[in-house]
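Visitor: Let the hints inform the model, and build the full structure from the sequences given.
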Amino acid sequence: MDRLSAPGGAPNQTASHAANHAANHAALARVARRFEAQALGALLKPVFGEAPKGLLSGGAAEAQWRPMLVENYARSWSDRGGVGIADAVFREMLRMQSAAQGQANPEGTTP
Numbered sequence: 003m004d005r006l007s008a009p010g011g012a013p014n015q016t017a018s019h020a021a022n023h024a025a026n027h028a029a030l031a032r033v034a035r036r037f038e039a040q041a042l043g044a045l046l047k048p049v050f051g052e053a054p055k056g057l058l059s060g061g062a063a064e065a066q067w068r069p070m071l072v073e074n075y076a077r078s079w080s081d082r083g084g085v086g087i088a089d090a091v092f093r094e095m096l097r098m099q100s101a102a103q104g105q106a107n108p109e110g111t112t113p
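Just add 2 to wherever you are in the sequence shown, counting from 1, and you've got the numbering used here.
Hints are computed from structural coordinates only; laboratory data are not their basis. Keep in mind the model is a prediction, meaning the values are calculated, not measured. It is possible that part of the hints are untrue.
Calculated lysine to aspartate or glutamate pairs in the EDC-like style (CA-CA distance at most 20 Å, straight line) [stated by the list, open to error]:
(1) LYS47 x GLU73
(2) LYS47 x ASP81
(3) LYS47 x GLU64
Guide: What follows is the structure in structure tokens.
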């Protein structure tokens, strides 16, 4: 008999629920990190400003690639722990999810 099956062939609901719970938390953590990366990108954009114009500038190519550079900086920063935005967003998403499901206390971990 399969170790994950209950007697009679019915799937083990506890193992299935735990797997779904872990997958849900991982998905929420990914969304929170993406949100943080987007927020950091918006904050970093003015720091980098516009591409300089002139003889020694990168011209149109630099202007075209600069937003991608800022986006990758923000994503890398967020993937390496960020500034705490993802943690706060993740906790709030768990709170909202548990409220929608009628639970009093959400259980979870930080992303």
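Visitor: So, for every hint listed, does it hold in this structure?
Guide: Hints, verified against the model:
no., hint, verdict
1, LYS47 x GLU73, "holds (9 Å)"
2, LYS47 x ASP81, "holds (18 Å)"
3, LYS47 x GLU64, "holds (14 Å)"
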